[in-house]
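Peer 1: These are the residues of each chain, in order.
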Amino acid sequence: MTDPELDDLFTDAADREVVELLSSARPATPPLDPHFRNYLRTQLMAEARKTLPRRERAPWFSWRLPSPPLAMAAVAAGFLIVLGFEIALLQRGGSQAPVAADIHLVNGKSNVATIEPIKIPFSGPVDKAAVEVQIQIEPATDYTTRWDGNTLVIVPRHPLAANTNYTVKLKPVATPQPNQPAPSAQPQVVVHFVTAPPPTPPVVAPTYNSQNLVWSGDSPITEPGAVGQASWTPDGEILVTRPVSTGQAQGAQGSASASGGQPSSSATGTDIWLMSPKGSFLQKLASGGRYPAAAPAGGLFAFWQMSGNRGTLRYGALDGSGGDPVALATIDGAPDRAPVWLGKDRVAYLDAGRLRVVDLHGAQVQLASTVNVSGSLAGSPDGTLIAAETLSGSSIYDAGSGKVSKPLPQGATGFSWSSSNDLAFVIEQPGNPQLRLLAHDQTASTQVYAAPVNRSWTDLSWSPDGHAVLFASRPASAAPGEFSRTYLINADGQGGPVLFGGDGAEYAAPRWSPSGTMVLFSRADEGSGISKLWVANVTVQPSALDRAENSALAEVDTFMQARLKGDLTAAQAELDANGLAKYQSGAMSLASPSGQHYARRYVVSVQLISAGKFLVGLRLVLADTANRETSYVDEHLTVIAQGPKFVIDEIVQAPAVQLGKGPTVVSVQVQANKPGPLVLVQFDSDLDPSTITSASVFVRDDSGQVRSETPTYDRTTHLVTLSVKLKPGNTYRLVVTTSVTDINGHTVAQQFESPIQPAQAGGG
Amino acid sequence: MPDGSQDERELVERAKRDPDAFGALYDRYFPQIYRFAYSRLREQSLAEDVTQEVFFKALRNMGRYTYSGHPFSSWLYQIALNAVADHYRGQRGEVELEEATGLASQAPEVVDEVIRRDRSHRVWTAIDQLPRQQRAAMVLKFGEDRKIDEIAQILGKSSGAVKLLLHRGVERLRRELPQLEAELGTKS
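As they're listed, the protein sequences go chains V and X.
Number 601 in our numbering belongs to position 601 of the first sequence; there are no gaps in the numbering.
Number 45 in our numbering belongs to position 45 of the second sequence; there are no gaps in the numbering.
The shape of chain X in the complex, shown without the other chains (with noise of 0.2 Å):
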């Protein structure tokens, strides 16, 4: 296993009938699971909300989970993932921006934390306006360094669907930053 290879397929295990066990794998996946679900809701509330599923329905399905090559915590983001959209779900905040019609819809956030905010705020609050499956795929490479293969099976794609969305969101990126760079004047 990539991260935790055979102590962690033994704790999975283990975890699925002794309680402390599973203490331990919340206690190893709980800052990532946490720092995810804010990084996709910002909003601490929420993200505790949603790291509180993650977790109860984890436990509840614990004895249901196979190893299947891939690290425990790529079930846990997939239930993150699910969770979050869940939250989303019927949301037109969520829709793909391009997507968007009528009224601006380059989020004023975007503009507001470019001026406040330093260089790496401003583009991951970029990143927080890529469609959803974009933003996922790029939260989980850049912010998370998940490996493609995983990222694909947590969002139940292809690796080469992956390594588009991540393709598409840098161009993105690419054509939205210099503007942002630009409006605030202060290219560094």
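Isolated chain V (complex conformation) (with noise of 0.2 Å):
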């Protein structure tokens, strides 16, 4: 040790050898904006002469341009960037007036999250119509925008691919002003970011228990009051109720409530909107609309409207395209929750109480006996059932016919299904509430947990496997310094209740992510006491599988970090014999190609080929001497236990495809699946639903022959599916043709292949 204090401090010999440890292992270099720094002391600089005593009051821009002859070349130019800002200098009153995007928020950013709206705010009115005409992304990406103030929002309709580096290009067009000439055409303005990396998919399927499962913090995402129900959708996002109005909805309609089946709102001030993870509100959906809700299987929601004392229920599209939400069936008098989809074209409400069910054509569905509701109402996912709570009690019902399919135990409330089709509900006894499940084949229902206290079960909540269930806890009465707290429990019951998050805060409403990795619920805030939204992180301890995945993907960090850092000894380190031959031979390069470097690289997909040993496929993007992307080269590395760690024994390398020439896969995954597998395949573009056939996306054997069926496109991810069936130990390969177009009409640079490898019988 070399710090006196530290020397003092740790005598004891063990103490020692961590202090060693920690003072050799310093923090890695934190990742910065080379912008960043300049930006923020231009901002301290121009406030500084603003408010120190001896401050000298300065033109606006002047701290911008250094020097005279700058300025005027800058002028000159007509463009200009300084410290982050890109400033576009027009003629306005005579004397130059600059308009300003600031892309600081986003330019330059490496980790950018997928589910978020590209903010650009602009020092000064500008014609927003002339600069949303402009935009242009790369690659291609539907969109839609909004304006706060002066900042442009733009919000992708799906979420943006993973890994991927997009370019933003616009211009800013001041407003134009009375008596002065139209604005000159002005320069460009170009935003480059980067998609942060999915998690990496674990080879085998997590398993959401009690076991398993770590939680790992929360975080609030709204200001208390800012939105009204919330509740998930299938991709991911939020769809939540937004007070319309500034002051009204502070009160009685603020307060959050991640169920979205209890009354928030008691007026029709509320709009739906749909909602980032982060907190970030994405796009207006419907205006004066209440209780939405996703269908099940994505790309529409359901959700009333009121006119007069009259609720009319519609349905929209969640991206926001297809115009405006379609009517389907209107009621007297106002909802009290929110429509329950059945399947993926049905929706299930209440008409004064009585159960209805409409198609999305606004058909009603003849029930052949009528169901009153008088409590909880629930369908399940594949849209032929539902459960529901009447004054005669609980049952199941055919949604088709509206005839009792299996009657439930006396005071059974809460329904939840899960993605299996298994259904959790309550049974509400004062003092001893008992949580029960009734499995999807529906032969009898088993107790899952009772307990003798006096608190009611709400919220029953599936993980997304449908092996556990969170539910809220809250006294059955209100007193003082009780709040909801927040169970998790398997769906055997084994292992009993674990308390979710922690015993000193409230966890309300909890809802499960589709993902599995968050939880949504409501807290209220310590001040106010009105309710805002938290959201829990959560993740799933690795299996052995899992663990031998990620030493083996820890290889692969350590083998490209040697190669970017150009240290081809440490590099060929890391081979084994045979693959140190291959190197040797020349067979294969481990050096980038003269004149360009590795910029960054990622996963695109890993398979387990056999026990310890897997194929990684990665991607190297290469950058120019100017550090622009210009094009990537796809490798496949087998990666083999040797010992007690992992080594590179072969890399076979495609050849380097262009960037900016179109849509690129960036990610390929085997997904185990009955009766065949399935292999994903996510692209970075919007594409063109019409290319995407059993032509141009495949999967053959050796012989050529194709071994997949018809592939489906889910526009909402960019993903290609394929049902496949292979031999385990065979070799396939996925090709992806140049036909293969996206939405701007660009088709793919060169075809694309990777290898698919089943693993051997044992491998897993």
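No lab work stands behind these hints: they were computed from the structure.
Just so it is clear, the structure is predicted and the values come from calculations on it, not from any experiment.
Fair warning: there could be bad hints in the mix.
Below 25 Å or equal to it, Euclidean Cα-Cα: the simulated DMTMM-like pairs (lysine to aspartate or glutamate) are [said to hold, decoys possible]: (1) LYS163/X / GLU20/V; (2) LYS57/X / GLU132/V; (3) LYS278/V / GLU53/X; (4) LYS119/V / ASP49/X; (5) LYS284/V / GLU132/V; (6) LYS278/V / GLU171/X.
If you follow the hints, you should be able to join the two separate chains into one complex; please do so.
Peer 2: Shown next, in the form of structure tokens:
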């Protein structure tokens, strides 16, 4: 140790060992946006000149222009990049008045969330329509825009692709001034950013149960009263109601509820918005709407809209496309709950308490009997069943006929269906609530947990894999200092309930995200007492196979770090004898091509081939000497266990592909499924769906025979899914031809091929 | 003064009136404040927000700053610490892990990072999981090389309390690091 203070403080040998380790292990240099430091300095200096006692007034932008010659040069060029601002200078009132696009919020960022709007503030009024019409986004991205004052908010209609370098181009156009000549054409502003990498998918699907789950903190995502009801969409966005005007909303209708089922607004004063998991408002979907509910299959949402004393049930597209929401039905009076989706094309709702079902053409489904619902109501994800609580008891009904399919125990309420059609519910018994489960075969319900507590259990929420349930536990009667807690319990009841988060804070109305990695909940603000939305992060402990996968990826990381640094000696040290022989024979190269360097890399695919052997698809993005990303090279690394560590056994390199020349594949995943596996192919662009065919995206075997069914395309996630028939131990190839086209008409630049190697028996 | 002595004191006095002097202070301390913010928040945009807040607060309160025998940076760290605490206010993720009950309280990032990153990163990821005050003391001592007296001033504690925090932090790492190494199976 070289610090005398530490020498004095730590005399125990074991402590000193840790201190030595700490002293030698400095934290890595944090990532820093090169513009940020200058940008902040500029802001500070401007503020300092305004506020420090001996200030000297200066023209607004004089501090941005260090010298007259530079200013003149900038004016002459008409384009200036200074300290994170791109400034277009235009003539107004005879003097130069700058309109600046402040791009520092996103430009140059390398870890941008895929569900976030792109915000570009302007320093003054701009011609919004003229600015909007100039926007270009690459890769091809469908988007909408809105304006928050002078800030342009670009909202991609679907989540952006991960690991992708985006370019946004636009032109600032000042608002035309009366009696002034029209502003001349302005130089283009160009913004570059790279989206965050997604978590590497585990080779084995995770099991969400209380033994595996890890809570890793939570954070507020809204201000108190900023939103009302809130629920997840299948794509991981949040559907919320938002008070229309300021002031009126802070009290009665402002409290946040993650349930989406309990009324929190008393008037028509809410709009329906889509929000990101970080709390950014993405897009207004409906004015004057309430009780929104997303369709389980995604893409659509239904909601209520009041007109006078009549409520209209409507549905629309979650990405805002397709025009105004369509009316499906009307009822007298105000609804008291969200409509209930039945599969992808029917919606159940209550009309004066009577259960009704309507299809998306507005046609009423004739139910064989009248069902008057007095409490909980929930539809199964496949749309075949409805659980309803009525005055005469609770039952499961056939959604097509309205006939009772299965009576439920007396007092059953709080229904929640799992992804596999299991039904969880609570039996309310004062002082002795029970949590029960009815499996999808509907034989008999089983008790998951019961406890003699004077609390009520509500807001049941299944894990995405149907292995566990979250539920809120709140005091049966309001008592000072009491609040909702949330518990996690396995569907089989094993291990009993586990407190979620912590005992010292409120966790109300939990809602598990479709990805399983987040839980939305509400908590009363300490100051105002008004609820706000929070998100808790959860992950699953890796399985033994996941640990092996992570170790293999760590080896790839070590190997690539050496290559990116140009340290080929260190890189060679990660090769086994086979790999080294191939390298020495010139069969593969570890260095970047001349005049280029590896700017970044990311994992495209990971496959378990056999025990201790992984095939890792890696993309290396190449940049030129000006650090512009120009092309990429795909490599497939065979990584094998050798003693306690993994080593690189083989590298297969594909030819370089130019960037910005049409859509590209960013991820390939082979997913276990019944009856056969699925191959999931994710693109970076919004594609033209008509170009996704069995001839443009397919899996073939060694003999060239196609082994995949007709592909499906989910435009929300840019995901093409193929059902395949594969034999373990054989090798196949995924092929994406150049006939795949994005929405701008650009085709895939070069045929993409990726090996598919299903694991041999015993590999898992 | 330990890191700047008379020059720094004069610069600070000038910065109360002279924007350029304040700019010089900014240039001098930006890297360590940004690094400190990032080490506590682990997210670039949040570190930027906190760094911005620190220097704007410093600018607005320059007139009230009086030299107390500690480096000017101590004051900046203090503001940064409060800004980070504001960010985390009410977050259960920031509560002391030993207080947490129920679900596994070992943050998953530890395991994931351990597996993926190098040893240095592992150590600092483990520090990330320490209780708030321990973590602050550890980061300032081992990441920023601050003196114990200075850390005490930044944290508003006695030197003895800081020593205790460091001791507890090291003890906890001593317990956890071998386990993490074992999980990786590559103790180096």
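Peer 1: Please go over all the hints and tell whether each is borne out by the structure.
Peer 2: Cross-check of the supplied hints:
For the given pair, LYS163/X sits about 17 Å from GLU20/V by alpha-carbon distance, which is consistent with the 25 Å threshold. At most 25 Å may separate the alpha-carbon atoms for a hinted pair to count; LYS57/X and GLU132/V exceed this at roughly 36 Å. Proposed proximity of LYS278/V and GLU53/X is supported: the alpha carbons are some 20 Å apart, at most 25 Å. Straight-line distance between C-alpha atoms of LYS119/V and ASP49/X comes to about 16 Å, which keeps the hinted pair within the 25 Å bound.
Taking the CA atoms of LYS284/V and GLU132/V, the gap is near 18 Å; set against the 25 Å cutoff, the hint holds. For the given pair, LYS278/V sits about 36 Å from GLU171/X by alpha-carbon distance, which is inconsistent with the 25 Å threshold.
Hints 2 and 6 from the earlier list are contradicted by this structure; the remaining hints agree with it.
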